[in-house]
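Position chains V and H relative to chain S; hints supplied.
One-letter residues, chain by chain:
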Amino acid sequence: MRRGRITPLAIFAGLYLIFLYAPIILLPMFAFNDGTIIAFPLQGFTTRWFVDLLNTPALHAATGNSLIIACSVAVLATCLGLFAARAVTRYDFPLKGGILGFIMLPLVLPEVIVAISLLVVLMQLGLNASIYTIILGHTLLCMPFAIAILQGSFAGLDQSLEEAAIDLGETRAGAFRLIILPLVTPGIIASMLICFIISLDEFIIAFFLSGNEPTLPVYLWGQLRFPARLPVVMALGTILVALSITLLLIANYFRRRGLARTGQQDSGGFL
Amino acid sequence: MISPPLIYAILLLAVPLLSIILFSFWTQTFLTINRDLTIENYAEALTDPLYRVLMERSLRISASVTAATVILAFPIAYYISFKVRPERKALWLFLITIPFWTSYLIRIFLWRVILAYDGPVNGTLIGLGVIDQPLSWILYNANAVIITLAHAFAPFAILPIFVSLEKIDRSLLEAARDLGEGTVMTFLRVTLPLTMPGVLAAVLIVFIPTVGDYVTPRLVGGSGGTMIANMIYVQIFDLSNRPMGATLAVLAMLTVTITLAWAILHVRFWVHLSDRVGGGVAGLCLAVLAAVVDIAIIRWVYLNGDAWFGTAGALGVMAAIMVGGAAAIAIFVPKGRWGL
Amino acid sequence: MSDTSSNAPLIQMRDVQKYYGTYHALRGITAEIGEGEFFSLLGPSGCGKTTLLRAIAGFEDISGGTITLGGKNMAGVPPNRRPTNMVFQSYAIFPHLSVSQNVGFGLRKSSLKPADKTRAIGAALEMVGLGHLGNRAAHALSGGQRQRVALARALILKPKVLLLDEPLSALDRKMREEMQVELIKLQREVGITFILVTHDQEEALVMSDRIAVMFEGEIAQLADPEVLYRRPATKRVADFIGVMNFLPALADGNGIEVMGLGRAEVDPSQVPGGAVSGACSVGMRPETLSILYDGEMTRARETTAMVEEVVYYGDMTYYDVTLDGASAPVRISMRNMVGREVLSVGMQTRVSWDPRAMVVFPD
Numbered sequence: 001m002r003r004g005r006i007t008p009l010a011i012f013a014g015l016y017l018i019f020l021y022a023p024i025i026l027l028p029m030f031a032f033n034d035g036t037i038i039a040f041p042l043q044g045f046t047t048r049w050f051v052d053l054l055n056t057p058a059l060h061a062a063t064g065n066s067l068i069i070a071c072s073v074a075v076l077a078t079c080l081g082l083f084a085a086r087a088v089t090r091y092d093f094p095l096k097g098g099i100l101g102f103i104m105l106p107l108v109l110p111e112v113i114v115a116i117s118l119l120v121v122l123m124q125l126g127l128n129a130s131i132y133t134i135i136l137g138h139t140l141l142c143m144p145f146a147i148a149i150l151q152g153s154f155a156g157l158d159q160s161l162e163e164a165a166i167d168l169g170e171t172r173a174g175a176f177r178l179i180i181l182p183l184v185t186p187g188i189i190a191s192m193l194i195c196f197i198i199s200l201d202e203f204i205i206a207f208f209l210s211g212n213e214p215t216l217p218v219y220l221w222g223q224l225r226f227p228a229r230l231p232v233v234m235a236l237g238t239i240l241v242a243l244s245i246t247l248l249l250i251a252n253y254f255r256r257r258g259l260a261r262t263g264q265q266d267s268g269g270f271l
Numbered sequence: 001m002i003s004p005p006l007i008y009a010i011l012l013l014a015v016p017l018l019s020i021i022l023f024s025f026w027t028q029t030f031l032t033i034n035r036d037l038t039i040e041n042y043a044e045a046l047t048d049p050l051y052r053v054l055m056e057r058s059l060r061i062s063a064s065v066t067a068a069t070v071i072l073a074f075p076i077a078y079y080i081s082f083k084v085r086p087e088r089k090a091l092w093l094f095l096i097t098i099p100f101w102t103s104y105l106i107r108i109f110l111w112r113v114i115l116a117y118d119g120p121v122n123g124t125l126i127g128l129g130v131i132d133q134p135l136s137w138i139l140y141n142a143n144a145v146i147i148t149l150a151h152a153f154a155p156f157a158i159l160p161i162f163v164s165l166e167k168i169d170r171s172l173l174e175a176a177r178d179l180g181e182g183t184v185m186t187f188l189r190v191t192l193p194l195t196m197p198g199v200l201a202a203v204l205i206v207f208i209p210t211v212g213d214y215v216t217p218r219l220v221g222g223s224g225g226t227m228i229a230n231m232i233y234v235q236i237f238d239l240s241n242r243p244m245g246a247t248l249a250v251l252a253m254l255t256v257t258i259t260l261a262w263a264i265l266h267v268r269f270w271v272h273l274s275d276r277v278g279g280g281v282a283g284l285c286l287a288v289l290a291a292v293v294d295i296a297i298i299r300w301v302y303l304n305g306d307a308w309f310g311t312a313g314a315l316g317v318m319a320a321i322m323v324g325g326a327a328a329i330a331i332f333v334p335k336g337r338w339g340l
Numbered sequence: 001m002s003d004t005s006s007n008a009p010l011i012q013m014r015d016v017q018k019y020y021g022t023y024h025a026l027r028g029i030t031a032e033i034g035e036g037e038f039f040s041l042l043g044p045s046g047c048g049k050t051t052l053l054r055a056i057a058g059f060e061d062i063s064g065g066t067i068t069l070g071g072k073n074m075a076g077v078p079p080n081r082r083p084t085n086m087v088f089q090s091y092a093i094f095p096h097l098s099v100s101q102n103v104g105f106g107l108r109k110s111s112l113k114p115a116d117k118t119r120a121i122g123a124a125l126e127m128v129g130l131g132h133l134g135n136r137a138a139h140a141l142s143g144g145q146r147q148r149v150a151l152a153r154a155l156i157l158k159p160k161v162l163l164l165d166e167p168l169s170a171l172d173r174k175m176r177e178e179m180q181v182e183l184i185k186l187q188r189e190v191g192i193t194f195i196l197v198t199h200d201q202e203e204a205l206v207m208s209d210r211i212a213v214m215f216e217g218e219i220a221q222l223a224d225p226e227v228l229y230r231r232p233a234t235k236r237v238a239d240f241i242g243v244m245n246f247l248p249a250l251a252d253g254n255g256i257e258v259m260g261l262g263r264a265e266v267d268p269s270q271v272p273g274g275a276v277s278g279a280c281s282v283g284m285r286p287e288t289l290s291i292l293y294d295g296e297m298t299r300a301r302e303t304t305a306m307v308e309e310v311v312y313y314g315d316m317t318y319y320d321v322t323l324d325g326a327s328a329p330v331r332i333s334m335r336n337m338v339g340r341e342v343l344s345v346g347m348q349t350r351v352s353w354d355p356r357a358m359v360v361f362p363d
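Chains as they are written, first to last, in the working numbering: chain S, 1 to 271; chain V, 1 to 340; chain H, 1 to 363.
With the rest of the complex left out, here is chain S (with noise of 0.2 Å):
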């Protein structure tokens, strides 16, 4: 490898990494403007955009609503994607790859398509969209992920261990709780924490199923017609965005520390 570090690679790569972040760059830049019209110059420091939030109820509804259906999905779709990954890692059963393939759709699909099919389903069945077909949907999208991140854990999983835990004297309650359970809970930290992201941040299926109970992003989506409404929107997203950042960076140390016990490599990334 050379070491040629201003290479005109290397400019574009920096310059990639700026064009991704710019976006992001943007949101506390203006979040703490004292400006209401999105735009430069800068004028000033302030936080009065986010006492706004703190004043809004509907608002606080939603956070309520997200922060529910976050917390549920996270527990379902890591419970699911524990099975998954065990029996995937553990097991050579027919269609294996099928099977797994079609678990997986949903990551390539287009939301809307999810969104619609399990809106018409709902009508068939006569059901009111509410918080807990938004709990279905969002289970269902977050499952891949839920795999993909514990089959890392079970990978690093000898089934030896367990079998060698009992030769040792132990009862299989004693190896499950002595030998798998601490090389697997890092994965499932980090398949909680980001379940509960993917949630927090999804708006279409949340859009297309909600009744009368919004979640944070659909609340956002409402506010976006207002101009004046620009820049307390810009503070709701700093904290959303702060938060997303925040967790995925716990769940990333988890996700390292899982890798770490087992002596696996991290290959980047959790896909």
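Heads up, some of the hints might be wrong.
[As the list claims (entries may be wrong)] With a cut-off of at most 27 Å between alpha-carbon atoms, the simulated DSS-like pairs for lysine-lysine come out as follows: (1) S:K96 with V:K167; (2) H:K72 with H:K109; (3) V:K83 with V:K167; (4) S:K96 with V:K335; (5) H:K158 with H:K72; (6) H:K185 with H:K158.
Source of the hints: derived by calculation from the structure; they are not laboratory data. Here the structure is a predicted model, which is why all the values come from computation and not from measurement.
What follows is chains V and H alone, placed relative to chain S:
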């Protein structure tokens, strides 16, 4: 062990998908759904030029986004795979994917802010003296949709290409250099072909979801940038014609599948033709010729078929040609280079 | 190598059967293993040796027959209650624990005081030569180190039987030879029964007191290494252990006519399968045939041959020669003693052979 997730996926994915297929054959007047099976919706969707234009625009936008994203993604994937120290690679990948984990809605909305008439891009360009008037062609049209989607789907394209670059045995490249190839030729003749499977994956991962995107066209597309998903929304929520929405969804997925199948299998065919004549310049010419002919046929049917087969018929014939050709290639032409 | 014990055997297997669905993995295994014995289960992949080992350990239930350990029938006894401990093929070292924690894992439930536990762990690590690695993280060990940790972890519990599932197959050649010697020493030091599963016949020959050669779920021959080598019970065993030349022959009432060598009379002990008549095969090990150099005389029989292939190994030379009157070449190994020249391809040479070295197999 696999059964709970499988059952869940079947209940919440397979069943709903099958339901919208069924639903697309029903009709709705005001609030009542008529469950008699009919192809009314399909007839309307295929004959009314409005839908066709939207679908075509969606495909075009997606194709542009895919091209832009993949072309821009390749250098950065190459940089990380070949120029970054191994212990830093994970960090770079992580940095690239961080924006992906933030709210999609927020990111699209931010692009509307950025590209606005009185927004930062125009402000900076004016301030730097590059232009006098704010640019009007960067927002509320198809261009804005393309820029925004290219930004949103960048990580999707980078990761598969990166994976296939990593898989290349470095000693292959050294062998090529050892046999006398220059850097550029090594890249073209060894690296690029070996990454084709990754590029193909990137194309699929970007093309399919972008065709059905709703938020971006809605926020930054204006009237010239609406896509098929917006129409689906309008049918379902504004016009209370849910079956029509379902029909459009089914047709959209069909169109995407047929288009992709046609494209991928025909590229296999063209490469196969080129190999048959021994590659080189002759092979390239033959492949290009075949490509031109194949595309011309489809175009002719699309543009002139109305007169011969009727509007719906023209689309049907076009689909038949595409599917037939693709199937024939799938059966008779063996899997060739580049993972196609 | 230690003597097989004269007490009641430690492990008794009577007609052990194991089915996986319709697949008959173990077909009536009957054998006895004594205390302090280094016993090997040898065979190609799929022969059932690992299945048998796991059945002794308790990880597989058997479909028929009995396994008795120390006089007690092990039916229904789970692995964590048997007086056995196992070293797994992948070593199964717990990656999230340190070396000491790994070794001391089995002591968690014992009634030892913490100080005694620490001492025991230290002693176990010393025994396998890893005394200095107690605090190392387990996932940071080399293959050879991992294997020793697995050994220490199993032996610290003082089992009556140590089961080893292909322990050396994951190591490179040099490490493997080192560990073979170490395992023998360790077994002598600890004095307990070792049961080793391997597909490497050299390994089994070097380390074991007795070997059970298994094919397709059955024991083909159970004997000590010398008997296995010199008097294999079947053609398949003969071929599996070391290199064996097979020469076509005709047996009549009075003796054997061997193609390429001549006529000979054999002792009944040289016919493991019982009396043979008609077409048969005669097995001769490469070292039982000798090249006669110029001027050498021999008391045994003699014949002529042509050299087809010469492989020089430094201390030995292997010759493939075609005996006059035979069709297929046979392999002869000769030590490169001082004064012996290395022959070249195409030379005619004399070969001496001793009928006492022959083993006769029915065809």
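Hints broken by the structure, by number, lowest first?
-> none
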